[in-house]
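Residue numbers (my numbering), protein chains in the order written: chain Y, 1 to 126; chain P, 1001 to 1294.
Don't read these hints as lab results, they were simulated from the structure. Be aware that a few hints might be false.
Below, a list of computed lysine to any residue pairs in the SDA-like style, where the Cα atoms sit at most 25 Å apart [claimed, not checked]:
| # | chain 1 | residue 1 | chain 2 | residue 2 |
| --- | --- | --- | --- | --- |
| 1 | Y | K116 | Y | G27 |
| 2 | P | K1139 | P | Q1120 |
| 3 | Y | K91 | P | E1253 |
| 4 | Y | K116 | P | R1257 |
This one's a predicted model, so the numbers in the text were calculated from it and none came from an experiment.
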Amino acid sequence: MASVKILAVDDSVTMRRILTNTLKRAGFDQVVEAEDGIDAWAKLQTEDNVGLILTDWNMPNMSGLEFVKKVRSDPKFGNVPIIMVTARGVKDDVLEAMRAGVNSYIVKPFTPQVLKEKIEKVLSSV
Amino acid sequence: MTEQDIQKLVQELDQVRSHVLIFETHLPDIIKGARTHAKAHLLVFKDSFPRLRHTVEFAEQVVPTINRMIRIWPEKAGSIPQATSNLRKVTEATEMATTEIMDVVDGITEQIEELKARLQAQRDSLGEGIKSVDEKRQKVEACLGDGKGPKAQVLKEMVQWQQSLESTLGEWGRTLDEVVQGLEGINDSLFQILNALQFQDITAQQIEATKAILAELNEDLKALFKGFTQMELGGKVEVRRGTFDKQVHYDREEAERKQRMADQIFEGRRTEEQNDGEEVGEIVSQDDIDAIFD
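Between the sequences and the hints, there should be enough to build the whole structure, so can you do that?
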């Protein structure tokens, strides 16, 4: 499970670094970073075997939600598990993300334990 | 409308007021000579005169204030873009500071990992030493048997020395274990510091949301100014659209509550999927969720 390659998408440099550090500490050594939906989509085309996507919602150029919809509409990546990691946390947001096709939802600020648990749960169910 | 236009308007209103006052003075005579139905209309007019006078007086009071606003507006209009520029600098500064903190934390973590590795190597080597001393003591004890004489005495002392050495090495080993544990504790604390830096992302969103409000205010004021003076005010507020949610704030407890809610929504979907095998996203309705949480 720890050998899975994770694409971490967030426009905040701070958050990308926190995600990468937390993932590496949890044993996930292969982390690819992207700064918005467009960058993430490009990385998805060039990186082999991305096994999980963690994406923020509020980003410039292409939001996390748009990115999720784009990924889900492409048969090549349609089954890649996606976790939304966002500070947005009202019911409508969660439902909208779920309907767009995310597999799990993490509310910021998150704890490393929550991040690890959600990843393990999502990966074990695919 | 320029300042001159407004002055002209004030003068015109003043003239209207004079005419109204003259008319009001002569009105009782006019009413006397008028026919009954015209009299009624004129009475209505008479009632309206105080209101008209009040309107003119009000305009007289308001116009100087508007004039003053128009005079100071160009000076003050630049303060909103300036304020938002300062807010942007706050975001940049906190991002830079958190990056520096993360660099330091990463550096300390790396040093701790190196120290831990070296201490662990020492601990392993110590373990080997303790084992070796123990083996040698057993051999000496085997040779010693129940022998007597000076050689036997020397061997007995040697066994005692070995036991003492074994005990000392054991203590060192325990101390090393404690030091390694302590370093792990420091590492955990550093990791918590790193994790707490999530505040930067959230406060940056709050600042961006504030900038968006100021940008709207700036545009409204510019439009108002243009309406009065036909002049354009400069100074645009740049907002990174789509990068923030105005409702976010850094609150661990609230985040935990929201996390539980999100988990229950997703758990609800999973249960529904297992039961009915329906399509993802079509299972949990807003009504279902409201029923759970309200």
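Here's how the hints hold up against the structure:
1. Y:K116 x Y:G27: 10 Å, holds
2. P:K1139 x P:Q1120: The hint is violated at about 29 Å.
3. Y:K91 x P:E1253: 17 Å, holds
4. Y:K116 x P:R1257: At roughly 18 Å apart (the allowed maximum being 25 Å), R1257 of chain P and K116 of chain Y satisfy the hint.
Checked against the numbered hints given earlier, this structure breaks only hint 2.
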